[in-house]
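Residue numbers (the numbering used here), protein chains in the order written: chain A, 1 to 133; chain B, 1 to 133; chain L, 1 to 133; chain V, 1 to 133.
Wrong hints could be hidden among the right ones.
Treat identical chains as interchangeable: a pair holds within one or across any two.
Calculated lysine to aspartate or glutamate pairs in the EDC-like style (CA-CA distance at most 16 Å, straight line) [unchecked claim]:
hint, residue 1, residue 2
1, 79, 101
2, 7, 37
3, 111, 30
4, 7, 75
5, 85, 120
6, 7, 30
7, 111, 47
Please keep in mind that the hints were generated in silico from the structure rather than gathered at the bench.
If you're wondering where the values come from, they're calculated on a predicted model, not measured in any experiment.
Residues per chain are reported as follows:
Protein chains: 4
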Amino acid sequence: MFVYHHKVHYYETDRMGITHHSNYIRFMEEARVAFLDEIGASFARIEADGIVSPVMAVEGRYLHTTTFDDVIDVEVFIKEMSPLKLRIGYRMRVGETEVFEGMSLHCFLGKDGRPVRILERYPQFAPYVPAEE
Amino acid sequence: MFVYHHKVHYYETDRMGITHHSNYIRFMEEARVAFLDEIGASFARIEADGIVSPVMAVEGRYLHTTTFDDVIDVEVFIKEMSPLKLRIGYRMRVGETEVFEGMSLHCFLGKDGRPVRILERYPQFAPYVPAEE
Amino acid sequence: MFVYHHKVHYYETDRMGITHHSNYIRFMEEARVAFLDEIGASFARIEADGIVSPVMAVEGRYLHTTTFDDVIDVEVFIKEMSPLKLRIGYRMRVGETEVFEGMSLHCFLGKDGRPVRILERYPQFAPYVPAEE
Amino acid sequence: MFVYHHKVHYYETDRMGITHHSNYIRFMEEARVAFLDEIGASFARIEADGIVSPVMAVEGRYLHTTTFDDVIDVEVFIKEMSPLKLRIGYRMRVGETEVFEGMSLHCFLGKDGRPVRILERYPQFAPYVPAEE
Chain A
1 MFVYHHKVHY
11 YETDRMGITH
21 HSNYIRFMEE
31 ARVAFLDEIG
41 ASFARIEADG
51 IVSPVMAVEG
61 RYLHTTTFDD
71 VIDVEVFIKE
81 MSPLKLRIGY
91 RMRVGETEVF
101 EGMSLHCFLG
111 KDGRPVRILE
121 RYPQFAPYVP
131 AEE
Chain B
1 MFVYHHKVHY
11 YETDRMGITH
21 HSNYIRFMEE
31 ARVAFLDEIG
41 ASFARIEADG
51 IVSPVMAVEG
61 RYLHTTTFDD
71 VIDVEVFIKE
81 MSPLKLRIGY
91 RMRVGETEVF
101 EGMSLHCFLG
111 KDGRPVRILE
121 RYPQFAPYVP
131 AEE
Chain L
1 MFVYHHKVHY
11 YETDRMGITH
21 HSNYIRFMEE
31 ARVAFLDEIG
41 ASFARIEADG
51 IVSPVMAVEG
61 RYLHTTTFDD
71 VIDVEVFIKE
81 MSPLKLRIGY
91 RMRVGETEVF
101 EGMSLHCFLG
111 KDGRPVRILE
121 RYPQFAPYVP
131 AEE
Chain V
1 MFVYHHKVHY
11 YETDRMGITH
21 HSNYIRFMEE
31 ARVAFLDEIG
41 ASFARIEADG
51 IVSPVMAVEG
61 RYLHTTTFDD
71 VIDVEVFIKE
81 MSPLKLRIGY
91 RMRVGETEVF
101 EGMSLHCFLG
111 KDGRPVRILE
121 RYPQFAPYVP
131 AEE
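Okay, chain A solo, but in the shape it has when bound (with noise of 0.2 Å):
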């Protein structure tokens, strides 16, 4: 399982003394970038191939606050891979405390502006989709 840490930055913090809700979309950004490299297909190289990967849905639920120097650790992975569409999932921790849970849902779109077959074109992503679908 891939997992990505993110240190909590004092400007991420909110006058409730909390990291501010709004942040954790962005933490699943920069954990889906970090695992996009790890698994060969990364956003550079997505986009110098020519193709935009609109995010076209987000879920989010908040388990337990977060604050200032808190080291999150997120896991993210594949929950389910349709020919044009790619569902990440993300699941946070500090320490043993689950913090958040999330999801992304996202297509790839070609230069013509038309969906783009992912596990054709990337098939990079094929050991990480899940079994049963």
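The hints should help you fit chains B, L and V onto chain A, whose structure is shown.
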């Protein structure tokens, strides 16, 4: 229907040339704050009452991109109100184009950290709660 | 004197309970964008002309804290205009209290990457340039 | 010389394709936090001592653009220390290219809101104070 307006700032765009997806979670908060002001249950008042109202979950679907200088009209409404939870809905448009829809889920916690019965404490929500629940 | 208004968002505060200092640099940009719209040399127009106008320097002095829900009045003015550089000044107040003063320094670069003589290209700045330079 | 590393996130870029200028003020804070950790006068400790340390001023000069995935090396150093004020300097590079230089000015306030003599309270700064002041 309450509508809040957000003009997209340059610093809210990313290098795809569009409004970064994480910012819509912030637009939801801006709109929610304005809506709560409108109905007489403002953040300032809730905080002054010693109540904290953390975000328990968010969801968003991105329907169309937006960018710098676009004026986003954000409709805010109560989707669902149970004794202890408040689900707020958001529909965002630029002109006639739907660009985003989302929801946020909230509870209210008293000084003792225990959940507060929302409608008993803040009856000003009542007229905005949808009929069939 | 042109004045722009910014109401501080919850997500702009930090765990000291105040507006995070980095956000004032963003308020400067918001106010600058509105000022350039006002005088007829908008970002949109400058970009459409194929000109980029990077920020070369910023400075800010924090005079008083602000927080959530404060309305900051931002005065924007041209501090200095040389053939190739534009220095914009900002004074921010909440009510009668001065909270921040700052400046930003800009140049304008044409498609060839070479500096553009600002007043020749955008004479609409002229009425706003202070007399004694 | 203490060096902090920041890898630019996608959400830190803007539609010019570069790191938005406001983010460098945040990178300064990240680097300052790491530097204070290093010398044994961490934010966490200062806060636990009941001392607040607001930012009084910032300055930055943008020397070269950066973008997504760039690793910025941030040198942090004490520029000047007077009894009541601390001026911290920053030099940022990507590889051999200088991209930014900046400073931030700080004071330390005790529980009574009065300025604290910094070196008396935190002698761990002493080895980092430049000789000629």
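### Query
Between copies, within a copy, both or neither: which fits residue 7 and residue 37 at Cα up to 16 Å?
between (20 Å within a copy, 13 Å between copies)
### Query
Are the CA atoms of residue 79 and residue 101 at most 16 Å apart within a copy, between copies, both, or neither?
within (12 Å within a copy, 22 Å between copies)
### Query
How would you classify residue 85 and residue 120 at a CA-CA limit of 16 Å: within, between, both, or neither?
within (12 Å within a copy, 44 Å between copies)
### Query
With identical chains treated as interchangeable, where does the CA-CA distance between residue 111 and residue 30 reach 16 Å or less: within a copy, between copies, both, or neither?
Cα proximity of residue 111 and residue 30: none, with 25 Å in one copy and 33 Å across.
### Task
Have a look at residue 111 and residue 47 and pick one of within, between, both or neither, based on CA distance no larger than 16 Å.
So residue 111 and residue 47 pass the 16 Å test inside one copy only (10 Å; across, 23 Å).
### Status of residue 75 relative to residue 7 across identical chains (alpha carbons, at most 16 Å)
Within one copy only: 14 Å inside a chain, 19 Å across chains, cut-off 16 Å.
### Message
Please sort residue 7 with residue 30 into within, between, both or neither, judging by C-alpha distance up to 16 Å.
### Response
Result: close both inside a copy and across copies, 12 Å intra and 10 Å inter.
Consistency with the previously given hints fails for number 3 only.
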